[in-house]
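A.B. asks: Chains R and Z are the protein sequences, given in the same order. In short: position in the first sequence from 1, add 1, done, that's the working numbering. In short: position in the second sequence from 1, add 2, done, that's the working numbering.
Read the hints as simulated data drawn from the structure, not as lab findings.
In silico DSBU-like pairs for lysine-lysine, Cα to Cα no more than 35 Å straight-line: (1) 210(Z) - 352(R); (2) 166(R) - 374(Z); (3) 46(Z) - 166(R); (4) 352(Z) - 107(Z); (5) 204(Z) - 80(R); (6) 223(Z) - 166(R); (7) 352(R) - 274(Z); (8) 374(Z) - 352(R); (9) 210(Z) - 220(Z); (10) 46(Z) - 106(R); (11) 352(R) - 223(Z); (12) 92(R) - 46(Z).
Here are some of the chain R residues that sit facing chain Z, going by a computed Cβ distance under 8 Å: (13) 69; (14) 344; (15) 345.
Where a beta carbon is used, it is the ideal one built from N, C-alpha and C, also for glycine.
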Amino acid sequence: MSIAAISQIRLPFLMGNNLNAWSDALAGLTLSWFPLGLVIIAAIPLVFIALYALTYGVYGERKISAFMQDRLGPMEVGKWGILQTLADILKLLQKEDIVPTSADKFLFVVGPGILFVGSFLAFAVLPFSPAFIGANLNVGLFYAIGIVALEVVGILAAGWGSNNKWSLYGAVRSVAQIVSYEIPAAIALLCGAMMAGTLDMQQINVLQSGPYGFAHFYLFQSPIAWLPFLIYFIASLAETNRAPFDIPEAESELVAGYFTEYSGMKFAVIFLAEYGSMFMVSAIISIVFLGGWNSPLPNLGSVALYDWTSGPVWGAFWIISKGFFFIFVQMWLRWTLPRLRVDQLMYLCWKVLTPFAFISFVLTAIWEIYVP
Amino acid sequence: MAEQGSIRVSRKDDNVVVIEKDLATEEMLLSMGPQHPSTHGVLKLECMTDGEVVTSAEPYLGYLHRCFEKHCEVVDYPGIVPYTDRMDYLTGMNNEWAYCIAVEKLLDIEIPRRVEFIRVMVSELNRIASHLVAIGTYGIDLGAFTPFLFCFRDREHILNLLEWASGARMLYNYVWIGGVAFDIPADFNKRVKEFVDYFRPKVVELYKLLTENEIFVKRTKGIGIMPADVAINYAWSGPMLRGSGVKWDLRRNDPYSVYPELDFNVPVPDGKFSDVGDCLSRHLVRALEMEESLNIIEQCISKMPGSEGFNPRSAVPKRVRPKAGEVYARAENPRGELGFYIQSDGKSTKPLRCKARSSCFVNLSAMKDLSKGQLIPDLVAIIGSIDIVLGEVDR
Chain R
2 MSIAAISQIR LPFLMGNNLN AWSDALAGLT LSWFPLGLVI IAAIPLVFIA LYALTYGVYG
62 ERKISAFMQD RLGPMEVGKW GILQTLADIL KLLQKEDIVP TSADKFLFVV GPGILFVGSF
122 LAFAVLPFSP AFIGANLNVG LFYAIGIVAL EVVGILAAGW GSNNKWSLYG AVRSVAQIVS
182 YEIPAAIALL CGAMMAGTLD MQQINVLQSG PYGFAHFYLF QSPIAWLPFL IYFIASLAET
242 NRAPFDIPEA ESELVAGYFT EYSGMKFAVI FLAEYGSMFM VSAIISIVFL GGWNSPLPNL
302 GSVALYDWTS GPVWGAFWII SKGFFFIFVQ MWLRWTLPRL RVDQLMYLCW KVLTPFAFIS
362 FVLTAIWEIY VP
Chain Z
3 MAEQGSIRVS RKDDNVVVIE KDLATEEMLL SMGPQHPSTH GVLKLECMTD GEVVTSAEPY
63 LGYLHRCFEK HCEVVDYPGI VPYTDRMDYL TGMNNEWAYC IAVEKLLDIE IPRRVEFIRV
123 MVSELNRIAS HLVAIGTYGI DLGAFTPFLF CFRDREHILN LLEWASGARM LYNYVWIGGV
183 AFDIPADFNK RVKEFVDYFR PKVVELYKLL TENEIFVKRT KGIGIMPADV AINYAWSGPM
243 LRGSGVKWDL RRNDPYSVYP ELDFNVPVPD GKFSDVGDCL SRHLVRALEM EESLNIIEQC
303 ISKMPGSEGF NPRSAVPKRV RPKAGEVYAR AENPRGELGF YIQSDGKSTK PLRCKARSSC
363 FVNLSAMKDL SKGQLIPDLV AIIGSIDIVL GEVDR
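Please model the complete structure; the sequences and the hints are all you need to start from.
C.D. replies: Spelled out as structure tokens, the structure:
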């Protein structure tokens, strides 16, 4: 890269509110033949999930559960135990990498990787800011729904490869659960896509921006939108195997489900994938129904709260805050509710959520056609 | 094998689990335990499973066998008391008391009135602590983690109280033959009253958090139903039998100590909130019993004679050597009837034979019947509702 080329690239954070300005600028960054910018684009969400998921997600989960249960949670490592997760990562790194002798070694090793890739690939289409999106696909939402199904392969490989009956139970349950819940989840998201008229994630966000802040969000744009919103939220809990739908792990029934035999870094990778998908579904629900990177604050006359809190950096702040909020709700539910039985889970999916998803789909269509 | 696998399980609510004949495949042997999170210790269940449906489950015991009865034959009478603590380690006071009742019956000694009230109070406190563990771990079995920690938080207060009285948190050696080891500390009754006032709202909180939770009810209602007659035939006792609708409480039906003077109810499910005999009923009985125990403790505080000139060891015999004979005494433990059969040859200070009738062991014997045709998650719910302590099952 010549000096002239560097001078042509302005520093991204100084750029204006042009859509995808940061990511486009980064994508153009090459080191002779090497697409350095693309690597950085891919690395940003990775660093984000790794930092968020393994440090603050786990730490947050432990602290939140502690506050709900009259405990203190981690307090020893660092101030208020803030470095506890780092200590745990160091411990996991030091652990011996055990592959059971009777396991199918290839599947056992490959399983966590596929699982991680499956939850991580969807981050490519998440718009983290008006100026940043990994890959601005025009079928972004469709891609995000579809790529999650890759996790199923990883879970099945991990469960089958472990050669453990509990793992197999966990894997089979998990596959049945994720595949089933994708249907109401996808239909619920389609309601949002129908309101936007596009599957482009960045475009869905742009369409929800306006001076009245939250009033432009799709959740408040139609009287039916709360139904697909709720359906997607419930279905996303099941898709990420979170309580009360954590049946694939179900520590009191299946020991630890499909990752019973995993330890050390492989276990950490599975853990990372879980927290990664938690953030992913939280981001998707806030993008489709709650405006993504748009500020929820409205302009009140001369107090232009919306204008003051909009922009690329504010956008990143808003979408990450919204994501964290939904993660908090997920944790809140996890530490409050017991677990459903596996047949009750399927009942909920096929006999409650799917019909209601269809109803909300039809109602949204009617609303979109007849109400201007 | 294929024919055995074709079974049809129907439930009371609209969830019907049907395994079609053609789909039935080979059964799988699933070893649940001894290292499994929800077998409450070292119980092993060998389950034949057809998919998620358990066609039969056989409990295997003995992983925690410590030769209690053989030990009794080589230790003198007072020396057995600490061993009884270790049977059902969650209810040490009640175990000691049941054993002491048996020996006192054999010796025919009169117990001071204050001692009786102290014994009632500490064992009712221990009953609450035990039920808190039962309810909390039952929550964990069904995936609710928070009630467990709430229960343990409150149990901690009880353990502190009992530690104050006896010097130990779980294995007390407090109730002695003919008395108690020490008188209760000076402000003990005041602190117990404080605890009772603190705990009453917590029972309601637990009720709202767990018992009335929609998912919890869905997971337990109509699961593992045990009819009253079968329960009696299995010699069930305690909350298990009361859960099946039989109003049987040894504190009322075979009264001992000062229980006849105390006013309390024996809670039996009426079938409105739960189906009589199901897991929810058994859970409910335990939840309601905690409130009754609080009533008993309050009455103990008000009726207990003063400590002037009181020696807790005044009736404790220097040397326990009963006349030749045999005795069976039983007491209502949190998990059911704990009975001790003791045989004395009249010469030795050691029992010739001491047999413990363990409530958990007897309750667990119905496992094979209860588990037939259940799903694995329901099997976990059923084991949890039996509330076994393997220390007492294996002794």
